[in-house]
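Undergrad: Going down the list, the sequences are from chains A and B.
Residues 1 to 439 (this note's numbering) make up the first sequence, in order.
Residues 1 to 471 (this note's numbering) make up the second sequence, in order.
Everything labelled a hint here was simulated from the structure, so no lab data went into it.
Among these hints, one or two may not hold up.
Computed Cβ-Cβ distance ranges for the label pairs, DEER-style [said to hold, decoys possible]:
1) A:A131 to B:R185: 57 to 63 Å
2) A:G133 to B:L50: 53 to 59 Å
3) A:S399 to B:R416: 53 to 59 Å
4) A:A131 to B:G178: 39 to 45 Å
5) A:L138 to B:P48: 39 to 45 Å
6) B:V31 to A:I241: 55 to 61 Å
So, partial list: chain A residues that the calculated Cβ filter (under 8 Å) puts toward chain B [stated by the list, open to error]:
7) L163
8) K165
9) M168
10) L171
11) A220
12) A238
13) G245
14) I319
Please read all numbers here as calculations on a predicted model, not as lab measurements.
Using N, Cα and C, we set each Cβ at its ideal position, and we do this for glycine too.
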Amino acid sequence: MTSPRTRRPEPDRLAYWQAMDSGRLLLMGAAAMLVTASFAVSGVLIHGHLQPQVDWHAAFAFGGFVAFGELLRLALPGGREAAPIAMVGAMSYALLLNEPNGPLNNPKLPAVLVVAVCAVGMTVGALPHIAAGRPAGLTGMCSRLVAVAGVAFIFRSVVVGFLLKNGMWELELAVMAVLIFFGWLIDTVIGALIRADDVGALFSVALVDEMQLQWPLGLAVGASVIITVFSVQVLGLAVLIAFIGPLLVTQVAFRRYAGIRATYLQTVRSLARVTEVAGYVEAGHSRRVSRLAVSVGRGLGMAETELLALEYAALMHDIGQLSLVDPIPGGATVLVSRADQDRIAELGSDVIRRAGVLDEVAELVRCQAWPARGHDPAPPLGSRIIRAANAFDDMVGSSTDRDRSAAAIDRMRLDPVGYDVEVVDALRDVAGRRVPSRL
Amino acid sequence: MTSGQLGISRTMAGAEREVRVSLAARIYIGVVVVAALAAVWRAPVFGPALATTRLSRPWIALGVLQALFLVCDSARAPLTSRQTKWSPSSSATLAAAVLLGPGAAGLVGAMSLVSVRRRLQAEERLFNGAMHALAGIAAGWTYLAINDSVGLLQSGHFKTILAAFAAAAAVHVLTNHGLLWGIYRLNRANPVLRTEMPESSLALLLASDLGYASLGLVIAALWTHMEWFAAVIVLVPLFVARWAMAQFAGEQRAYTATMNALCQAVETKDYYTRGHGDRVSRGAVMIARQIGMSSARTDAIRFAGMLHDVGKLGVPTQVLQKTGPLTEDEFAAIQLHPMRGLEIVREIGFLYEALNGIMHHHERIDGRGYPMGLAGHEIPEFARVIAVADAFDSMTSTRSYREAKSIDQAIIELRRGAGTQFDPLIVQAFVAALAQVGWERPGPAGAPIDLATVTVQDHDDPTAPLQVVVP
Numbered sequence: 001m002t003s004p005r006t007r008r009p010e011p012d013r014l015a016y017w018q019a020m021d022s023g024r025l026l027l028m029g030a031a032a033m034l035v036t037a038s039f040a041v042s043g044v045l046i047h048g049h050l051q052p053q054v055d056w057h058a059a060f061a062f063g064g065f066v067a068f069g070e071l072l073r074l075a076l077p078g079g080r081e082a083a084p085i086a087m088v089g090a091m092s093y094a095l096l097l098n099e100p101n102g103p104l105n106n107p108k109l110p111a112v113l114v115v116a117v118c119a120v121g122m123t124v125g126a127l128p129h130i131a132a133g134r135p136a137g138l139t140g141m142c143s144r145l146v147a148v149a150g151v152a153f154i155f156r157s158v159v160v161g162f163l164l165k166n167g168m169w170e171l172e173l174a175v176m177a178v179l180i181f182f183g184w185l186i187d188t189v190i191g192a193l194i195r196a197d198d199v200g201a202l203f204s205v206a207l208v209d210e211m212q213l214q215w216p217l218g219l220a221v222g223a224s225v226i227i228t229v230f231s232v233q234v235l236g237l238a239v240l241i242a243f244i245g246p247l248l249v250t251q252v253a254f255r256r257y258a259g260i261r262a263t264y265l266q267t268v269r270s271l272a273r274v275t276e277v278a279g280y281v282e283a284g285h286s287r288r289v290s291r292l293a294v295s296v297g298r299g300l301g302m303a304e305t306e307l308l309a310l311e312y313a314a315l316m317h318d319i320g321q322l323s324l325v326d327p328i329p330g331g332a333t334v335l336v337s338r339a340d341q342d343r344i345a346e347l348g349s350d351v352i353r354r355a356g357v358l359d360e361v362a363e364l365v366r367c368q369a370w371p372a373r374g375h376d377p378a379p380p381l382g383s384r385i386i387r388a389a390n391a392f393d394d395m396v397g398s399s400t401d402r403d404r405s406a407a408a409i410d411r412m413r414l415d416p417v418g419y420d421v422e423v424v425d426a427l428r429d430v431a432g433r434r435v436p437s438r439l
Numbered sequence: 001m002t003s004g005q006l007g008i009s010r011t012m013a014g015a016e017r018e019v020r021v022s023l024a025a026r027i028y029i030g031v032v033v034v035a036a037l038a039a040v041w042r043a044p045v046f047g048p049a050l051a052t053t054r055l056s057r058p059w060i061a062l063g064v065l066q067a068l069f070l071v072c073d074s075a076r077a078p079l080t081s082r083q084t085k086w087s088p089s090s091s092a093t094l095a096a097a098v099l100l101g102p103g104a105a106g107l108v109g110a111m112s113l114v115s116v117r118r119r120l121q122a123e124e125r126l127f128n129g130a131m132h133a134l135a136g137i138a139a140g141w142t143y144l145a146i147n148d149s150v151g152l153l154q155s156g157h158f159k160t161i162l163a164a165f166a167a168a169a170a171v172h173v174l175t176n177h178g179l180l181w182g183i184y185r186l187n188r189a190n191p192v193l194r195t196e197m198p199e200s201s202l203a204l205l206l207a208s209d210l211g212y213a214s215l216g217l218v219i220a221a222l223w224t225h226m227e228w229f230a231a232v233i234v235l236v237p238l239f240v241a242r243w244a245m246a247q248f249a250g251e252q253r254a255y256t257a258t259m260n261a262l263c264q265a266v267e268t269k270d271y272y273t274r275g276h277g278d279r280v281s282r283g284a285v286m287i288a289r290q291i292g293m294s295s296a297r298t299d300a301i302r303f304a305g306m307l308h309d310v311g312k313l314g315v316p317t318q319v320l321q322k323t324g325p326l327t328e329d330e331f332a333a334i335q336l337h338p339m340r341g342l343e344i345v346r347e348i349g350f351l352y353e354a355l356n357g358i359m360h361h362h363e364r365i366d367g368r369g370y371p372m373g374l375a376g377h378e379i380p381e382f383a384r385v386i387a388v389a390d391a392f393d394s395m396t397s398t399r400s401y402r403e404a405k406s407i408d409q410a411i412i413e414l415r416r417g418a419g420t421q422f423d424p425l426i427v428q429a430f431v432a433a434l435a436q437v438g439w440e441r442p443g444p445a446g447a448p449i450d451l452a453t454v455t456v457q458d459h460d461d462p463t464a465p466l467q468v469v470v471p
């Protein structure tokens, strides 16, 4: 979405699978095995006439629904991707209740068939993305498929017979809700694992972030699955068409939300560059400081909302210089007096506070020049990070020379009052890697 | 707007003024209310149902659907812009038409009378209630005409049920929008209400209306299994969508506020042009509305106007402060500012058209502008709009070398430049918009404070072109 494309080391020389980390490989391997096994078993069941009837209408309808949903993927904040409509289709198919006199001619739908149909649907839905040159989104698809398979195997092999004998809708609803939650949990945990691996965050932090971000959509998907499963029994497959309208509106709402978040970030990134164009700071300074600060913050276990504030603050940390008549030579605030640094920080903080919505960011900018120790009140962690990242970039700049960055780190380590030791250590770790921001 | 409401209070959300309803509109509302009363009186509350499909507790079902209508009606959210709002309340009316009958559908629609939304005038409540009751009853009769019984949906009759429901939904949407259209026509003299019917998004409105109408069928289908709980579970995805919309609106407000703050920061560098971006933005929006730009483009031009001079930061301070004639190099530096601005905002994803506006806002219709020397309609529309608002604000604000001109004087200057510097149609539109909306000139500038620099020449001022030394 808004993120610069991840820079992988020398991508040309690595095969596609070599460029992937082990977590992704494991997930894709599992999904591939699942799909192969499902196809094989479905084939045996159908050709060996062990499966009395297959309702091909339902298979096509739900497969088409999944493909449609996969086509309309949704970009969520943080460069994530979701396919809520595909998830509704796949989960509904997994949880389909086939009452003896119901409209669905599908007495016993095996879980393997659910997995096979969903896999085909997802693949078909992904093809236009590939044709248009967008990423195939294989990781997300595999994660969704594993979640659906988990739910389908439990429901179709263990629970469904019992439910049909019992016939109470309250019980059916409760069981489905639990299973849908389970499926959501699988998808979310996989997403957090992959993300923690991608951006170098702690898994526990990534999981909480992921859950916080995914629960509203998960709730909508869950309720939609229950609605679909029950209404299909009365109205047949026509419900899938009737229900697509409301689902689309929900999707549009989320798309707009994610869109404005992305635009917001892009705008702050762009406008933060006015200090560069005006010659106050070196080109690329604010962007480099923000990347560095976010990586350090992530390494120190900050949550995503805090990281967003940190990124904004780091991008705009020099905005106060606009109020100076004459640019500081080279823009290196590390070279001017403490009083001037504080004045620039205050001026910048005032600018941001005027927006009325970014007070947290303004506070981080205000405290950015305070020494880590001995200042009363103590500066917040974000400000300490910005201070260190700013000093590092003032000394190293866009250079990738390892000796130079090591010297800069050493210099900061010699000043434990000015720079937080923990922050400098984390900075040393990320300065080697220079992980780009994924926010 | 969907499952439409009389929108008097909606556009008024910002300014809490009372809106007068014209006499013709009052008579119209009276007629609609009488018709609704008559229709509710004549229609049986519960339609004919088969023994197998009759609801066990119809009065409770009616109450639940009325509650659903109220909740949906109160929880409306913006769909596309401030003007267009959806509420899925029509699904409750249509579910009542399917499950209970025309009279019940009318009673569900009539709940609009007691909507818990604030700032509704009595006329609005009456009209909304009557309109929704009429739409519900019409939909109910339509459904009965095709399906000939109401009640729980039976498997095996999908085709008839689907056809009957589709017809009922269409009638509902048509009645709703038809009655609304009437009130807009009759209240047209009122400028506030005139902007209310955004033609460009009518298709979107109808689509989302029909989309939500189909939810009524889903509720009716779910009723077979879970009775009243159908109404509850349907609300979950609706409220999540609404939550996302609210988040969106919040982010958008935050975004605008941040943008304003950053633009102000940029302007602090130059004392006399403070607030210039903001005023140009307002002027550009006035023109955009006058020439009927879509709301999306109006939003884009608002930001383009705000940011049009951001590239001035790239112009060295000495050049901006210079008193005498400029050397050619210095003039070139000033001429470069639209490109500098472009460089800064290029990466902002949504501003496609706005980029053109920023880059070309100093082009002239006769082709003698900069940076590209485009002429006539080669100049993008955004740039032509911003150029007019830009020059107007420059002329009507105080500069170090002259006092501010009056609005009439500035209009005369704009008219003089029409056809050579400005697009005559845009000038005409701006003058018309000025007559309607008015213009607030910036207050007289006090003494500059220490931090700010003072521009001695204004590159935007058409009456005092920059002086360049001829070697």
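Undergrad: Would you mind marking each hint as holding or not holding in the structure?
TA: Here is how each hint holds up against the structure:
1. A:A131 to B:R185: 57 to 63 Å: At roughly 48 Å between Cβ atoms, B:R185 and A:A131 fall outside 57 to 63 Å, so the hint is violated.
2. A:G133 to B:L50: 53 to 59 Å: Given a distance of about 56 Å, which is inside 53 to 59 Å, the answer is holds.
3. A:S399 to B:R416: 53 to 59 Å: Holds: the Cβ-Cβ distance is about 56 Å, inside 53 to 59 Å.
4. A:A131 to B:G178: 39 to 45 Å: holds, 44 Å
5. A:L138 to B:P48: 39 to 45 Å: violated, 56 Å
6. B:V31 to A:I241: 55 to 61 Å: violated, 38 Å
7. L163: violated, 13 Å
8. K165: Since chain B brings no Cβ nearer than about 17 Å to A:K165, farther than 8 Å, the hint is violated.
9. M168: Since chain B brings no Cβ nearer than about 10 Å to A:M168, farther than 8 Å, the hint is violated.
10. L171: Because about 12 Å separates A:L171 from the closest Cβ in chain B, which is outside the 8 Å limit, the hint is violated.
11. A220: Cβ of A:A220 sits 4 Å from chain B, so the hint holds.
12. A238: Given a least distance of 6 Å, the restraint on A:A238 holds.
13. G245: holds, 3 Å
14. I319: holds, 6 Å
Checked against the numbered hints above, the structure breaks hints 1, 5, 6, 7, 8, 9, 10 and satisfies the rest.
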